[in-house]
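From the two separate chains plus the hints, produce the assembled complex.
Sequence lines, in order, name chains X and A.
Throughout the first sequence, residue numbering follows the numbering used here, covering 1 to 415 in sequence.
Throughout the second sequence, residue numbering follows the numbering used here, covering 1001 to 1231 in sequence.
Since the hints were made in silico from the structure, they are not lab data.
Check each hint, because a few of them may be wrong.
With beta-carbon atoms standing in for the labels, derived distance ranges [what the hints assert, rightly or not]:
1. Val1020/A <-> Ala386/X: 49 to 55 Å
2. Glu1193/A <-> Leu24/X: 50 to 56 Å
3. Asp1192/A <-> Leu5/X: 38 to 44 Å
4. Glu1193/A <-> Leu2/X: 45 to 51 Å
5. Ala378/X <-> Thr1073/A: 52 to 58 Å
6. Arg1122/A <-> Asp233/X: 53 to 59 Å
7. Glu1119/A <-> Asp233/X: 37 to 43 Å
8. Gly323/X <-> Ser1061/A: 29 to 35 Å
9. Pro1098/A <-> Ala386/X: 31 to 37 Å
10. Asn1174/A <-> Phe306/X: 19 to 25 Å
11. Gln1223/A <-> Tyr15/X: 45 to 51 Å
12. His1058/A <-> Leu5/X: 33 to 39 Å
13. Leu2/X <-> Tyr1181/A: 37 to 43 Å
14. Leu2/X <-> Tyr1013/A: 37 to 43 Å
Below, a list of computed lysine to any residue pairs in the SDA-like style, where the Cα atoms sit at most 20 Å apart [claimed, not checked]:
15. Lys1120/A <-> Asp3/X
16. Lys1115/A <-> Asp125/X
17. Lys1188/A <-> Gly1147/A
18. Lys1140/A <-> Arg14/X
19. Lys1115/A <-> Glu196/X
20. Lys1120/A <-> Met1/X
21. Lys402/X <-> Asn1078/A
22. Lys286/X <-> Leu334/X
23. Lys1063/A <-> Lys1115/A
24. Lys1140/A <-> Met1/X
25. Lys1140/A <-> Lys286/X
26. Lys1115/A <-> Asp3/X
27. Lys1115/A <-> Val4/X
28. Lys1115/A <-> Gly323/X
29. Lys168/X <-> Asn185/X
30. Lys168/X <-> Gly182/X
31. Lys1115/A <-> Pro322/X
32. Lys168/X <-> Ser183/X
33. Lys286/X <-> Phe43/X
34. Lys1115/A <-> Tyr15/X
35. Lys1140/A <-> Tyr15/X
36. Lys1120/A <-> Pro259/X
37. Lys402/X <-> Gln1076/A
38. Lys402/X <-> Asp1075/A
39. Lys1206/A <-> Asn1224/A
40. Lys1115/A <-> Ser327/X
In this text, a Cβ means the ideal position worked out from N, Cα and C, and glycines have one as well.
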Amino acid sequence: MLDVLAIASRNLLRYRRRTLLTLLLIVIGMVAVLLFIAVAGSFKSMMVGQFTDSVLGHLQVHRKGYVASIDNLPLNLNLTPALVAKAEEALKANPLVETWSPRVKFGGMFSNFAETTSIRINGIDPAREAATVPLLPGRLLEGDKAKPLVERGQIVIPVLLARGMNTKVGDTVVVVATNRDGSVNGKTFVVQGILEGVTGPGGRDGYMHIDDARALLRMSDAEISEIAVRLKDFSRLGQADKQFKQMLGESTNKEGKQPIEVHTWAELSPFANLARMIDLMTLFIKIMLVSIVLVSVMNVMMMAVFERIREIGTIAAIGTPPGRILSLFLAEGLMLGVVGTAAGIILSLAAIFGINVWSPTFAFGQQQNLVMAPTIAAGDVLSIAAMVVAVAVLASLQPAWKASRMDPISALRHV
Amino acid sequence: MSLVRAEQLVKTYRMGDVEVQALKGVDFSIEPSSFVAFVGPSGSGKSTLLNMIGCLDHPSSGKLTVLDTDVATLDQRNGATFRGEHIGFVFQDFNLIPVLTVFENVEYPLRMVQKWPLEKRRAQVLRLLEAVGMSDQAGKRPDQLSGGQKQRVAVARALVSQPKLVLADEPTANLDHDTAYRVLQLMKKMRDEFGTTFVFSTHDPKIMGEAETIFTLEDGRLQNEKESNHA
Chain X
1 MLDVLAIASR NLLRYRRRTL LTLLLIVIGM VAVLLFIAVA GSFKSMMVGQ FTDSVLGHLQ
61 VHRKGYVASI DNLPLNLNLT PALVAKAEEA LKANPLVETW SPRVKFGGMF SNFAETTSIR
121 INGIDPAREA ATVPLLPGRL LEGDKAKPLV ERGQIVIPVL LARGMNTKVG DTVVVVATNR
181 DGSVNGKTFV VQGILEGVTG PGGRDGYMHI DDARALLRMS DAEISEIAVR LKDFSRLGQA
241 DKQFKQMLGE STNKEGKQPI EVHTWAELSP FANLARMIDL MTLFIKIMLV SIVLVSVMNV
301 MMMAVFERIR EIGTIAAIGT PPGRILSLFL AEGLMLGVVG TAAGIILSLA AIFGINVWSP
361 TFAFGQQQNL VMAPTIAAGD VLSIAAMVVA VAVLASLQPA WKASRMDPIS ALRHV
Chain A
1001 MSLVRAEQLV KTYRMGDVEV QALKGVDFSI EPSSFVAFVG PSGSGKSTLL NMIGCLDHPS
1061 SGKLTVLDTD VATLDQRNGA TFRGEHIGFV FQDFNLIPVL TVFENVEYPL RMVQKWPLEK
1121 RRAQVLRLLE AVGMSDQAGK RPDQLSGGQK QRVAVARALV SQPKLVLADE PTANLDHDTA
1181 YRVLQLMKKM RDEFGTTFVF STHDPKIMGE AETIFTLEDG RLQNEKESNH A
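Isolated chain A (complex conformation) (with noise of 0.2 Å):
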């Protein structure tokens, strides 16, 4: 069964008096445990389409169903219920907390989020910055890290509430290349250690030759499914 299916997607915005169509039908579907990239230029609706799969937003028609939710009747509050127990975030600019240690950053979603209790949280957290390989930085603040350190630590923050699914927009755009693809690797060995769902989006065809599936978008419309040779 797949974890993620739409069907005619369409997502509509107005700009002023102008409606523009950021997606236009489009249908697809993400098996779970699978590595998908969404790949296409600046304005394809990649941004867009992972944004309503993250519960962010919602489609104007179509069907989206992520874990056999209807993500578009979820409100505010269910959405933000949804996102907590099943979906993580990579954001491209990590998006840390900075007020808050790299310890303190990973345990945020078990803290804030799902109340787990401090000793089980506490495994939690230190197991995923092992995996991730952060842990001798956990007491560093944000910006006492570099970029490559920051993204790992976003990748264990995502992962540490143990979600279905990880999302991740540009996840390597602020990165150069070779801390690009380490991250990358991390997201996969991440992917087969806990069994996660990664799909990422990136206009970076170095980057989206990592992807097992990539899923291409132009100008609203997907183009072709494209099954890697590293699937």
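Bound-form chain X, shown alone (with noise of 0.2 Å):
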């Protein structure tokens, strides 16, 4: 094999022009991927990162029909205790969970005595939220960051709200919500801190303490509107979903309905479209690069094996086996695929470091000021290196094959 690759790179560099140029067609490509790769799933990443350690959660547990009318936070839609205990009881027995965080959540009007406007209200317990959701404390703007989010008696508002009613951390306002029976209630809080805003889903909620919540919409039992579940492992999801739908999903009541639903952040949230986007332009740049390395490589050992008929016919005269014919033209493209990709890859890494120094910012909806830190993970750098290398040798087969099938006469009388 040594003695073929010896061979191999003598008449690559037979034609260093050429080779140098298919070389860099494949090294572009090459960066080209890798580098989108980067920064895409870096972007994407951090965008979700954003919705779930911010808002939504890994996964979310509701009560059936919920998700279908959440627009309208439908109170009577509520996990019971019963079922509460039910999926806290799934939920502590999965390994994967590191944590969850029951939420209360209603529509409501916010008065600051002088205006009043709509409100969305999650009632949350602080501390499991911010171990559930761990961007939410730092998204807030105003307010003392050293204490819980939101403590009883107060109320956490969005930038948005803030601005519009002119309502300043210490203000008193009122919130005013109708419960399940259809009757109303309204409560004083003291506004205690403001949050940036997030695009998506919940990314102008406001906060309440649980129990104030509950209060509010004078509950007599320990409802809630949703689990917010935080995974050990993202990278997991998709095993704790699939369990969670198992364990929670087909589990049926005395009815013999389904009382309860799972959802990844991917089903509850629009921006999962653009991630597949995402990955949808990623698959196109991977097709490309395919056919960048598929015709340049196929072009250069097609033209190798029209040029060196006569030295095909000497070497097959004097007994190289067709094998070895195929091997030896095999693995030019095979060295073509290796150096291209490797030089690829050194000139990818260089970028994406230097990307990472140079730390540029961008602005993604309300928020600003993102930093642009593109990762590549080995698992991606390896595939697309192996795709590489194999399409360049997939290249050079018809050549090679045509090499090795070369009637020896006909090769050695070719002018």
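Now the structure itself:
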């Protein structure tokens, strides 16, 4: 094999300019794909992280039918204490789960005594919420960050609402809500903090203590609207989702109906479509890379065979087996692939390092100054490298096969 | 026992709708360690005959045995193996591999065809380069050599794997007379040193005189076999 590689390398160096041009194409393709995956991937994971770690959590558990009516925040589709106990039992038993946070969600009217507007409220347990969506406390623009996110009798409101209503930290406000029986109740709160907005569902929500929410809604039982779940390892979301859907989603109540449903963040957020588009674009970029490598390597190898017909005739005549002739040309394709891939990886990693040193910032919706920090997984690099090398060998296959099957007499007569 | 034996050898080509008989029932035998020339004008069938002896082509009918092997039964792969083990080739245009040095060209059959171990291979190549007087040019590329030097390297390459038979199709056609004569002397010397049978084709009367056995071909038929006074 080393003998074959040694001769293949000599043949590649025979036409330096052509070999360099082919390598350049492979390198440019590799750099384009790896940079795109790194930048788009980090953008995607940053955005996904913004949603999952500051609003949604990785998974959510609801009563069946709640998500279909989620825009109305229906109080009659809350999880009953019995269902909550069942859900928590499943969460406790699953080793993939890090923590979870129960929420009471409702729509209400927010008044500063001069103006009134609508608001969506999350009643939360501040400690459990901070553990489940750890970026949420960091979104606090105004207020005491050392205190729990929201204390009893206080409320945290989104910045757009605060600006629109000219409300500041320490102001007293009134929240009025209609409970599930249709009666209205109001309660005064002190504004504890103002939250930075985040694009997407829940990005303009206010927060109060879960006990305050239940009191405002005059709940007699400890009902909750949803349970946000955080996993130990986000990459195992699919596995956890499948397990919970089996454990909770498929269980039935006395009437034979499914009482609980489980959704991943992607099923709850429209941003998931954007994430899927990024994946689709990555796929198209990979297809382009495959095409570049395929066409450029096949072209150079076809030229190599055409220009060396007499040489092929000679080595065939002196007894080189057809398989060895095949391997000689395949080795040239392999070396083009390997060298191009290696150079592409080195340049891509250097470019990714350079971008990280440069740290460019960008805006996404309401969020400003997000730092671009591209990273690429070793698995991605290896899979792209394997793909390029395999395509380079594949592109050499037809010319190599042609060379190995060449009639030595015709080849020796070729002018 | 004959090294090569042909009985009623016929080779027919199809060129479009026309059938061309290149060989029309040829019988001959070649003995081991002989120095044989096939002579005749262009198109007489010399190259066709050499191609068939070299297992590069198959007879249309008749029987051709080389080293007791019926070469008509060999497919592409087995033909290559047979050539690699038993036959060396010297070409009119030298056909050295341009990216390899003189040493590597001579080494090629041992490295890529027979897979000799490195040390044994190296010793054999140096021995052959010494024998053809090219050991001081071992590091040069073919484009740095004269025609005569290239053919010396080609002879060394043909002999390096110690074949029983070397086939040379017009080996001196691209050389001036003095160089051609020296190459022929070299081939003879190699025959004497290694006991290899040399079979070559030529239409140069001065060169054919160096052969010990001469087969004359005309229009696909063997006219006569002549023992030269060099025998």
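Hints versus structure:
For Val1020/A and Ala386/X, the Cβ-Cβ distance of about 52 Å falls inside the hinted range of 49 to 55 Å, so the restraint holds. A hinted range of 50 to 56 Å holds for the C-beta pair Glu1193/A and Leu24/X, which are about 52 Å apart. Separated by about 39 Å at the C-beta atoms, Asp1192/A and Leu5/X satisfy the suggested range of 38 to 44 Å. Taking 45 to 51 Å as the suggested C-beta distance range, the pair Glu1193/A and Leu2/X does not conform, at roughly 32 Å.
Checking the proposed 52 to 58 Å range against Ala378/X and Thr1073/A shows it holds: the Cβ atoms sit about 54 Å from each other. At about 58 Å, the CB distance of Arg1122/A to Asp233/X agrees with the hint of 53 to 59 Å. At about 56 Å, the beta-carbon gap between Glu1119/A and Asp233/X misses the expected band of 37 to 43 Å. Judged by the Cβ atoms, the range 29 to 35 Å given for Gly323/X and Ser1061/A holds: they are separated by roughly 31 Å.
At roughly 34 Å, the beta carbons of Pro1098/A and Ala386/X sit within the given window of 31 to 37 Å. Roughly 24 Å separates the CB atoms of Asn1174/A and Phe306/X, a value that falls within the hinted 19 to 25 Å. For Gln1223/A and Tyr15/X, the Cβ-Cβ distance of about 48 Å falls inside the hinted range of 45 to 51 Å, so the restraint holds. In this structure the hint that His1058/A and Leu5/X lie 33 to 39 Å apart at CB holds, the actual value being about 34 Å.
The hinted window of 37 to 43 Å between Leu2/X and Tyr1181/A holds, with their beta carbons roughly 41 Å apart. Distance hint check for Leu2/X and Tyr1013/A: the Cβ-Cβ separation is about 42 Å, which falls inside the suggested range of 37 to 43 Å. The suggested pairing of Lys1120/A with Asp3/X holds, with an alpha-carbon distance near 16 Å, which does not exceed 20 Å. The straight-line distance between the Cα atoms of Lys1115/A and Asp125/X is roughly 76 Å, outside the 20 Å bound, and the hint therefore fails.
Between Lys1188/A and Gly1147/A, the direct Cα distance comes to roughly 19 Å. Compliance with the 20 Å bound is thereby established for this hinted pair. Simply put, Lys1140/A and Arg14/X have alpha-carbon atoms about 15 Å apart, close enough for the 20 Å limit, and the pair holds. In summary, the hint linking Lys1115/A to Glu196/X is not supported, as the alpha carbons are separated by about 73 Å, beyond the 20 Å threshold. At roughly 19 Å between alpha-carbon atoms, Lys1120/A and Met1/X fall within 20 Å of each other, so this suggested pair holds.
Our distance criterion of 20 Å between C-alpha atoms is met by Lys402/X and Asn1078/A, whose separation comes to about 18 Å. Restraint check for Lys286/X and Leu334/X: the C-alpha separation of about 19 Å stays at or below 20 Å, so the hint holds. This hinted pair does not check out: Lys1063/A and Lys1115/A have alpha carbons roughly 32 Å apart, beyond 20 Å. Taken as a hint, the Lys1140/A and Met1/X pair is broken in the structure, with Cα atoms around 25 Å apart against an allowance of 20 Å.
At most 20 Å may separate the alpha-carbon atoms for a hinted pair to count; Lys1140/A and Lys286/X exceed this at roughly 45 Å. Restraint check: the Cα-Cα separation between Lys1115/A and Asp3/X comes to about 10 Å, which is no more than 20 Å; the hinted pair holds. Of the pairs offered as hints, the one joining Lys1115/A and Val4/X holds, with about 11 Å between alpha carbons and a cut-off of 20 Å not exceeded. The straight-line distance between the Cα atoms of Lys1115/A and Gly323/X is roughly 14 Å, inside the 20 Å bound, and the hint therefore holds.
A threshold of 20 Å between alpha carbons decides the hint, and for Lys168/X with Asn185/X the separation of about 24 Å lies outside it, so the pair is violated. Distance hint between Lys168/X and Gly182/X is unfulfilled; the C-alpha atoms sit about 31 Å from each other, more than 20 Å. Pair hint Lys1115/A plus Pro322/X holds up; C-alpha atoms about 15 Å apart against a cutoff of 20 Å. Distance hint between Lys168/X and Ser183/X is unfulfilled; the C-alpha atoms sit about 30 Å from each other, more than 20 Å.
For the proposed pair Lys286/X and Phe43/X, the alpha carbon gap of about 18 Å is at most 20 Å, so the pair holds. For the given pair, Lys1115/A sits about 28 Å from Tyr15/X by alpha-carbon distance, which is inconsistent with the 20 Å threshold. Taking the CA atoms of Lys1140/A and Tyr15/X, the gap is near 19 Å; set against the 20 Å cutoff, the hint holds. Distance restraint check for Lys1120/A and Pro259/X: the Cα-Cα separation of roughly 81 Å exceeds the 20 Å cut-off, and the hinted pair is therefore not satisfied.
A distance of roughly 14 Å separates the Cα atoms of Lys402/X and Gln1076/A; the hinted pair therefore holds under the 20 Å criterion. Using a Cα cut-off of 20 Å, the hinted pair Lys402/X and Asp1075/A holds, with the two alpha carbons roughly 17 Å apart. The suggested pairing of Lys1206/A with Asn1224/A holds, with an alpha-carbon distance near 18 Å, which does not exceed 20 Å. A threshold of 20 Å between alpha carbons decides the hint, and for Lys1115/A with Ser327/X the separation of about 15 Å falls inside it, so the pair holds.
Going through the hint list in order, the structure does not satisfy hints 4, 7, 16, 19, 23, 24, 25, 29, 30, 32, 34, 36.
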